[in-house]
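All chains, full assembly: derive it from the sequences and hints.
Heads up: the protein sequence lines correspond to chains A and B, in order.
4 is the number of the first residue of the first sequence in our numbering; add one for each residue after it.
7 is the number of the first residue of the second sequence in our numbering; add one for each residue after it.
Be careful, since some hints might not be right.
[To be verified] Here chain B is said to cover these stretches of chain A; the calculated rule only asks that three of the stretch's residues, wherever they fall, bring their Cβ under 8 Å from a Cβ of chain B: (1) 16-30; (2) 191-199.
[Unchecked claim] Just a few of them, taken from the derived set where beta-carbon distance is under 10 Å, the chain A residues facing chain B: (3) 111; (4) 113; (5) 118; (6) 123; (7) 147; (8) 218; (9) 311; (10) 315; (11) 316; (12) 317; (13) 327; (14) 393.
Hints in this document: simulated from the structure, not taken from any laboratory.
The beta-carbon is built from N, C-alpha and C at its ideal position, and this holds for glycine as well.
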Amino acid sequence: MIIDYVGVKEINGSLIVMDGVKGVSNEEIVDIQLENGSVRQGRVVQIEGEKIVVQVFEGTRRISLKNTKTRLTGHPMEMPLSPEIIGRVLNGSGKPIDGLGDIFPVKKENINGTPINPVSRIYPKNYINTGISTIDTLMTLIRGQKLPIFSGSGMSHNDLAVQIVRQAKISGANSSNFCVVFAAMGVQKDVAEYFRKSFEESGVLSRVVMLLNLSNDPIIERTLTPKCALTVAEYLAFELDMHVLVIMTDMTSYAEALREFSSSKGEIPGRKGYPGYLYSDLASMYERAGMIKGHSGSVTQIPILTMPNDDITHPIPDLTGYITEGQIVLDRSLQGQGFYPPVSVLPSLSRLMKDGIGEGYTRADHQALANQLFASYAKVIDARSLASVIGEEELSPIDKKYIEFGRLFENRFVNQGFHENRSIEQSLDLGWELLSTLPRAELDRVDDAILDQHYKN
Amino acid sequence: MENNIVIYGINGPVVTVKEADCFEMMEMVYVGKQKLVGEIIGITDELTTIQVYEETTGLKPGDPVIGTGAPMNVLLGPGIIDNIFDGIERPLKAIEEQSGAFISRGASVPSLDTERLWNVTLKVKVGDKLTGGQIYATLPETPIIEHRLMIHPDLSGVITKVMPDGEYKVHDTVAVLKDDLGVEHNLTLCQKWPIRTSRPVNQRLTPSIPLITGQRCMDTLFPVAKGGTAAIPGGFGTGKTMNQHQLAKWSDADIIIYVGCGERGNEMSQVLEEFSELIDPKTNRPMTDRTVLIANTSNMPVAAREASIYTGITLGEYYRDMGYHVAMMADSTSRWAEALREISGRLEEMPAEEGFPAYLPSRLAEFYERGGRVETLNGAEGSVTLIGAVSPQGSDFSEPVTQNTKRFTRVFWALDKSLAYARHYPAINWMNSYSEYFNDLDPWYREHLGDDFIEYRNKISALLQEESSLMEIVKLIGADVLPDDQKLVIETARAIRVGFLQQNAFHSEDTYVPLEKQKLMMKTILHLHAKSKEIVAKEIPLSKILSLGLFDKLTKMKYDIPNNRLDMFEEYIEEITNQLAKISD
Chain A
4 MIIDYVGVKE INGSLIVMDG VKGVSNEEIV DIQLENGSVR QGRVVQIEGE
54 KIVVQVFEGT RRISLKNTKT RLTGHPMEMP LSPEIIGRVL NGSGKPIDGL
104 GDIFPVKKEN INGTPINPVS RIYPKNYINT GISTIDTLMT LIRGQKLPIF
154 SGSGMSHNDL AVQIVRQAKI SGANSSNFCV VFAAMGVQKD VAEYFRKSFE
204 ESGVLSRVVM LLNLSNDPII ERTLTPKCAL TVAEYLAFEL DMHVLVIMTD
254 MTSYAEALRE FSSSKGEIPG RKGYPGYLYS DLASMYERAG MIKGHSGSVT
304 QIPILTMPND DITHPIPDLT GYITEGQIVL DRSLQGQGFY PPVSVLPSLS
354 RLMKDGIGEG YTRADHQALA NQLFASYAKV IDARSLASVI GEEELSPIDK
404 KYIEFGRLFE NRFVNQGFHE NRSIEQSLDL GWELLSTLPR AELDRVDDAI
454 LDQHYKN
Chain B
7 MENNIVIYGI NGPVVTVKEA DCFEMMEMVY VGKQKLVGEI IGITDELTTI
57 QVYEETTGLK PGDPVIGTGA PMNVLLGPGI IDNIFDGIER PLKAIEEQSG
107 AFISRGASVP SLDTERLWNV TLKVKVGDKL TGGQIYATLP ETPIIEHRLM
157 IHPDLSGVIT KVMPDGEYKV HDTVAVLKDD LGVEHNLTLC QKWPIRTSRP
207 VNQRLTPSIP LITGQRCMDT LFPVAKGGTA AIPGGFGTGK TMNQHQLAKW
257 SDADIIIYVG CGERGNEMSQ VLEEFSELID PKTNRPMTDR TVLIANTSNM
307 PVAAREASIY TGITLGEYYR DMGYHVAMMA DSTSRWAEAL REISGRLEEM
357 PAEEGFPAYL PSRLAEFYER GGRVETLNGA EGSVTLIGAV SPQGSDFSEP
407 VTQNTKRFTR VFWALDKSLA YARHYPAINW MNSYSEYFND LDPWYREHLG
457 DDFIEYRNKI SALLQEESSL MEIVKLIGAD VLPDDQKLVI ETARAIRVGF
507 LQQNAFHSED TYVPLEKQKL MMKTILHLHA KSKEIVAKEI PLSKILSLGL
557 FDKLTKMKYD IPNNRLDMFE EYIEEITNQL AKISD
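Put into structure tokens, the structure is as follows:
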């Protein structure tokens with residue numbers, strides 16, 4: 004028997020409270036019908052006896068205490084899945100908005116997913132060649148990794164993400180079995196359009212699943228978008244054995260939506276008003292990247308987040324950095340000098356890179372080169388801060404060499420065209436060429452054998 | 007049992023039941039039809055609050071809640087080592103066999119393999135009077151670890167029956183003990199222990215033996231004792247996990263318990279892979295033969311994350327009671343503290359600093375107090391060393407978890423972002439870190455390495471201190487204006503930093519360095535410094551010394567001198583003496 008519950012007891016932000024509800028289960032989805040016939044969806048977030056709290060995805064505008072009929076659906080939020088989902092455009096909660104009709108589901112999956120058993124994971128080792136010198140050489144992207152881009156508003160993170168998608172090449176078996184899941188949370192219409200056009204130009208559009216929650220779309224729906232996207236990605240990777248690259252932009256909007264939801268629910272806030280479970284919540288999404296024994300597919304994530312006020316210690320980048328396997332940090336002053344991509348090398352890192360590079364993957368000298376570039380560039384920063392006090396003229400000869408090295412490094416290594424695709428050999432050779440401008444004794448992170456081979460001069 | 011008790015309310019991982027007066031605080035319960043594991047964390051005459059260790063999606067008011075009558079406990083027995091558990095001691099490999107690559111809820115698998123046969127040797131005979139903690143049988147758990155079966159600490163009495171030596175399963179009875187009241191207890195290969203209660207010991211001993219880690223910066227400058235407590239705080243990317251891995255691989259404990267508490271899944275699979283490939287040089291067996299892994303990754307249920315730390319320490323104490331030296335690495339205690347905060351928030355408790363509950367310090371203290379070097383109930387000596395990683399929010403060491411951890415640990419290995427950016431690993435900042443164990447450990451160092459070890463150490467840290475104050479000046483006006491003797495300090499300190507403190511975990515020789523080599527490295531660097539100082543005092547320019555390349559040579563000696571060729575240090579020292587003698591003539 005299906006019961007419609009008429010009216011609600013209380014409305015607060017995106018939450019409605021109902022009383023006298025029987026047989027409801029936690030996290031169940033409810034359909035809320037308004038007087039004008041439109042139907043909204045909500046999710047049960049708290050139960051106390053017969054009183055339940057429901058979060059309405061589309062917002063509570065025009066809902067009054069009397070004008071609704073609510074029906075329990077009997078199941079948690081599920082995502083319809085089928086191989087035909089590739090190439091479709093969906094809204095933030097996974098409903099098609101491209102006018103091509105509903106997805107005929109082969110199966111349905113709970114969008115919250117279930118944690119991957121740590122013993123079933125394969126430790127990711129295959130690198131993805133992005134054709135971007137800084138990333139390939141110094142923070143190599145590995146298949147199955149989660150590597151976020153920490154950016155700020157107005158910086159070229161979107162271009163970088165597009166360039167990675169366009170140039171990403173995977174080595175090994177079934178490398179052509181590749182697709183992209185793109186989740187937009189709270190981005191502007193033209194940004195979403197930019198991504199769509201770029202995918203089209205690079206010919207991958209037919210292999211992209213887009214989930215769009217634009218900045219004027221309901222905020223609560225935004226808290227579902229990445230979960231829906233990852234459910235699709237897991238299906239494609241672990242049922243259809245595809246290599247899936249998930250791009251999620253902008254995680255900051257997601258976290259803000261979560262904060263809004265949390266505060267309207269009256270939860271005790273943690274740092275900067277974000278709920279105390281922000282870490283667990285972010286982790287439940289980021290941890291859905293990886294590879295599993297017995298499946299040849301993989302989920303690689305590139306979440307993009309804009310650091311409020313460029314502050315890397317803000318809770319969102321901070322917690323993200325603790326979960327993800329490294330980060331690519333963009334820098335406003337490099338951007339200001341016209342360098343693209345403005346990757347700030349020192350705080351950027353890839354934790355999985357050490358096992359995915361070197362002999363058999365990239366080249367034997369890769370790790371040594373990367374260590375030395377990091378160490379030498381750190382000295383450039385020291386020399387610059389000294390120069391800003393005493394002036395460049397007064398520096399010791401060796402510090403001057405470092406200043407010059409820094410200049411070359413930024414101009415030639417970091418700076419790269421939007422359409423320039425460098426092979427890994429080109430990038431590594433360029434790194435050695437630049438290091439060769441420093442005296443050999445300064446290269447203290449490299450074995451002599453490798454230096455003999457690559458140090459020119 | 008009490009079938010009429012049903013769920014009333016649900017809020018995230020917190021479930022409430024009404025009018026249930028049969029539960030005890032901290033009792034373990036099964037919630038819902040899927041029998042999710044939970045624990046009673048609050049009782050009023052109206053509402054009982056349960057923290058559920060699994061996802062609560064799909065639970066309904068009216069679903070049954072079943073009590074177990076006992077607190078949250080773990081099963082202790084053979085089969086723990088070389089295993090990988092989740093936060094509440096469920097073996098993940100068995101869960102994988104049951105439910106595939108994704109962990110389904112309500113998985114009910116026995117903690118220990120109940121079918122496996124163990125080759126038991128009985129150590130008691132009928133009529134023996136035994137008290138809690140005494141050993142009644144042994145069995146080889148792995149080729150290097152002998153598992154000693156002990157009487158439950160709460161039991162004592164007379165043995166009335168003993169089975170012959172032979173192969174037994176975990177739940178088989180191997181002996182029978184009759185206590186003072188005349189009740190007979192079957193002694194099997196396992197026992198239960200509540201995770202939040204520390205196991206009793208005879209007495210605590212002073213921590214006077216170092217835990218040797220083979221990591222120069224730790225062993226020399228900031229040593230930790232066996233049975234000591236240490237904290238590794240550091241922002242993301244500073245190498246907390248890497249340091250914990252190095253300690254788990256190389257420290258000279260008998261048993262390693264590695265708790266991945268709210269960390270990355272890929273990291274755990276890396277540990278699994280690496281540890282099974284790595285051969286322990288002391289025993290020639292894979293590292294896994296002495297390692298227990300507890301993996302509660304960040305996406306696994308938050309309440310089980312809170313429990314994982316206690317599960318880990320309870321397993322540690324069990325092996326300690328057998329007379330082993332156990333080292334437990336918890337990565338990271340901040341995630342554990344956050345789990346406390348999350349649950350406290352769901353209970354609508356009044357928050358203290360940064361939203362953490364007011365009882366955070368007392369919980370941290372309780373945990374770290376469970377470490378220590380002890381005389382066990384059976385008179386053996388054992389220890390549990392606790393090494394907790396801390397992930398401070400925003401890399402800010404003034405946040406509550408770091409500050410409170412600092413109060414209860416005696417070694418502080420502060421990881422530094424700027425060192426990590428320059429890829430100086432381990433990124434232990436030698437100015438902010440400290441160890442309070444010097445006084446306890448110095449006698450051991452004097453006995454085993456001679457008085458000069460401590461002398462070298464003091465000189466090294468004095469040089470680093472001096473460099474740090476000189477660097478203040480250099481930052482303002484450049485190094486060129488310093489007099490030569492101060493420049494020499496900077497050069498030597500550089501050799502110490504690059505040649506000694508910096509250690510390459512991926513280099514086969516450098517990843518583990520014996521104490522003797524550490525001492526000789528210090529000796530060589532200090533020898534060069536002392537000799538150069540004499541020359542500089544004769545007003546011979548420092549640049550002349552530097553042009554010899556001796557300092558560069560010393561920064562590479564960690565690679566150039568293999569760990570089994572310590573005689574080469576003699577050549578180095580000779581070369582330094584000869585070369586410098588030439589200049590001063």
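**Report entry** Numbered hints the structure breaks, given as an ascending list
**Finding:** 2, 3, 8 and 9
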